[in-house]
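Chemist: Listed below, chain by chain, are the residues.
There are 2 protein chains.
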Amino acid sequence: MQMDERGKIGRDASILLAATDGKTRNAGLLAIARGLEANAAAIITANNEDMKRSQTENLGAPLLKRLTFDADKINDVIKGIYSLTELNNPLGVTKLSTHLDKGLDLYKVTCPIGVIGVIFESRPDAFIQIATLCLKSGNSVLLKGGREALETNRILCRVIQEATAAAGIPQGWIQNLESREEVTAMLALDQYIDLIIPRGSNDFVKYIMANSTIPVMGHADGICHVYVHDDADLKQAVDIIVDSKTQYVAACNTLETLLINEKIAVSLLPILKVALENKGVLIKGDEGVRKIISAETATEEDWKTEYLDYILAIRLVPSMDAAIDHINTYGSGHTDVILSADKDFVNTFMTLVDSACVFWNCSTRFSDGFRFGFGAEVGISTSKLHARGPVGLDGLLSYKYKLVGHGQCVIDYANGSRKFRHEPNQLDFHL
Amino acid sequence: MQMDERGKIGRDASILLAATDGKTRNAGLLAIARGLEANAAAIITANNEDMKRSQTENLGAPLLKRLTFDADKINDVIKGIYSLTELNNPLGVTKLSTHLDKGLDLYKVTCPIGVIGVIFESRPDAFIQIATLCLKSGNSVLLKGGREALETNRILCRVIQEATAAAGIPQGWIQNLESREEVTAMLALDQYIDLIIPRGSNDFVKYIMANSTIPVMGHADGICHVYVHDDADLKQAVDIIVDSKTQYVAACNTLETLLINEKIAVSLLPILKVALENKGVLIKGDEGVRKIISAETATEEDWKTEYLDYILAIRLVPSMDAAIDHINTYGSGHTDVILSADKDFVNTFMTLVDSACVFWNCSTRFSDGFRFGFGAEVGISTSKLHARGPVGLDGLLSYKYKLVGHGQCVIDYANGSRKFRHEPNQLDFHL
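First to last, the sequence lines map onto chains A and B.
Count along the first sequence from 1, then add 20; that gives the number in this note's numbering.
Count along the second sequence from 1, then add 20; that gives the number in this note's numbering.
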């Protein structure tokens, strides 16, 4: 089938899906959970095929681990589905209601975005998470997973399609893409697809952002900073820096550049060096850093680099303002942390740093939808429009304005024979 | 000055502007109002120059009228500024607060988007409205008005710059662009500018959307529909259709295609024809329409046309479902109306029509920020992301996540030694 036909199918399904009630969509979610349970053996067999092929293709150990979809992982995603059913129905929520005039009431009501295209890494559990988030929020979805997970994603899509069709969810709401050509074609379908969410390497996301006529939600870079102010607690600073750098080195919310106030550098750097080197972290420092500890040389190029590796760039700064300037110049607007004891300084830092997440005295690694309590995460956005930072179900919602009248015409307000009242209504939308 | 330098100036000012409090920004607004009052004579003189030049260039009467900026219009915009100062401070509002764990609290707090580029039509009052909305919401702004208003916009910008600088607003927050080359250069400054808002003709907006690497908020087309169900009140239908088509024919929320249920067409069309022709409206009809009344022929091309003129395309449909299909196929997702007495039918229509505004028994022309009670309007968006429909101050806001900790590291939650609580907080953000 041609991609424009598949886009139209997704769009047509999205119109019907937007009209389903929360109970029906929850029934669809439970049907998926039961379908995964009933088809676990076949899913594991398909995943074994993917694993074998990937082993012969010499896929690295970390990627093989992410590709694995065994009974434990299936149970985890099923648990995730049950908790998703417990969240409130996000659709049909009245966000604003205004009494414009007698018999003329305005309601701003949440609705799905429509059709979402998601291109994601080789984790089969991501397929289920994305699909169920889209169903909960009433969006059609076209998914393209990693090539390595071909067989697993194929059976997962079939199981989800069958389970949701039986539960009364409009067919065509979920479609599985298997080729790069389909992705390329999808990126031009702006008449049918409302939002593209790419997950994966920076270069990949940059490619998608540069080649899509559809709005893209996500982040290319994750150059996160910790700034250590001169009054920071040294022991706490070492712990937070080590956690931010090493707790999971390949994540977008990992610390990449450490900024240290030069007044505290002599006390902090020697103990920090020991702690980081115990974890296998290579330190690159500017001139000031290298006067205090031995380190490789950091240049301006390092301030622009997301290592995603056991490497940390360290720069000394004369003041918090210099740290803020550095972050707003070289950062990617993702997550930046200040370590300090002074509330006023912290408040200024949090206001002036132009990033999705600004933290005080804790690890950059908290920047995550699950840790924020969103239940599930679509991704992390460094755009300032629509959704910013870790994105949960809210990021998959739009709204529409519903105006309920009784024959009103604008001419009567234009010529002054009627006047707007514009009083807030307490009522939810109802007819 | 080069545009990238001007972009950087706007961006630097935006960081400082985001840190001003609501009182300071209101003081800036009041200073603008006083500045306009004090400089009224000079502004009118500059506007007279624009008017004279435009008359010699044979600018049409409607455009000359929009270009006029006299004492009355200056008073109107001053009144608008005073009402803007009465609106609550939109910044620093806590939208969500979650207690993640003991001593670890998350706040989602509104903040400005950053730097907005606005390209708008030849109405000098729009310059003031846009500038003051951006100041109220803490955004830097680069404005490019119509060439015809060159002298007026130049003095308005100077008055605003001087007034706000004296009131403590960071310099560089507002800049006036005067050439197309500057606009072209601005559209590529995605490192400094966060959002482009184009206002003007469809072709112009389409051009901007196709040529900007920065997100664009607005609408290209406004193909709005009224669907008359078979149980609609005939008199009310005629009034609403006439108002929707003729109250202001050049607006994006004007009715372009009328869909009539074929069961009511024989009763409605003859009286509607008289009412429309009294207003000078040319009717184009499909075959069914032309069996009942004389009309020009409407083809599929008409369903895709935004006339912005005294022309109305009319099509008969066998059912509400057919009307919904027509609207979702040919519409632009702007504003669509159902006229009916049946709540259940209306509810289905409002759910299935995928448009920013879906109205019941009232005119399409209510689709407007002022009429909706937003106080002021940035524009109307047909995107389903960020802001949809008439956009007020809310559309100029983003948010950031502020996390307040006491030394917490993620490893303790990953290894199970600590557990998240994820309890809702009632507290506003504070340190």
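The hints are simulated quantities; they were obtained by calculation from the structure and are not laboratory data.
Please note that the accuracy of each hint is not assured.
[As the list claims (entries may be wrong)] List time: in silico BS3-like cross-link candidates among lysine-lysine, alpha-carbon distance up to 25 Å:
#: 1; chain 1: A; residue 1: K115; chain 2: B; residue 2: K115
#: 2; chain 1: A; residue 1: K85; chain 2: A; residue 2: K299
#: 3; chain 1: A; residue 1: K93; chain 2: B; residue 2: K115
#: 4; chain 1: B; residue 1: K122; chain 2: A; residue 2: K122
Chemist: Now look at each hint and say whether the structure bears it out.
Modeler: Results of checking the hints against the structure:
1. A:K115 with B:K115: 12 Å, holds
2. A:K85 with A:K299: Holds, at roughly 22 Å.
3. A:K93 with B:K115: 34 Å, violated
4. B:K122 with A:K122: Judged against 25 Å, a Cα distance of about 50 Å means the pair is violated.
Hints 3 and 4 from the list above are not met by this structure, while the remaining hints are.
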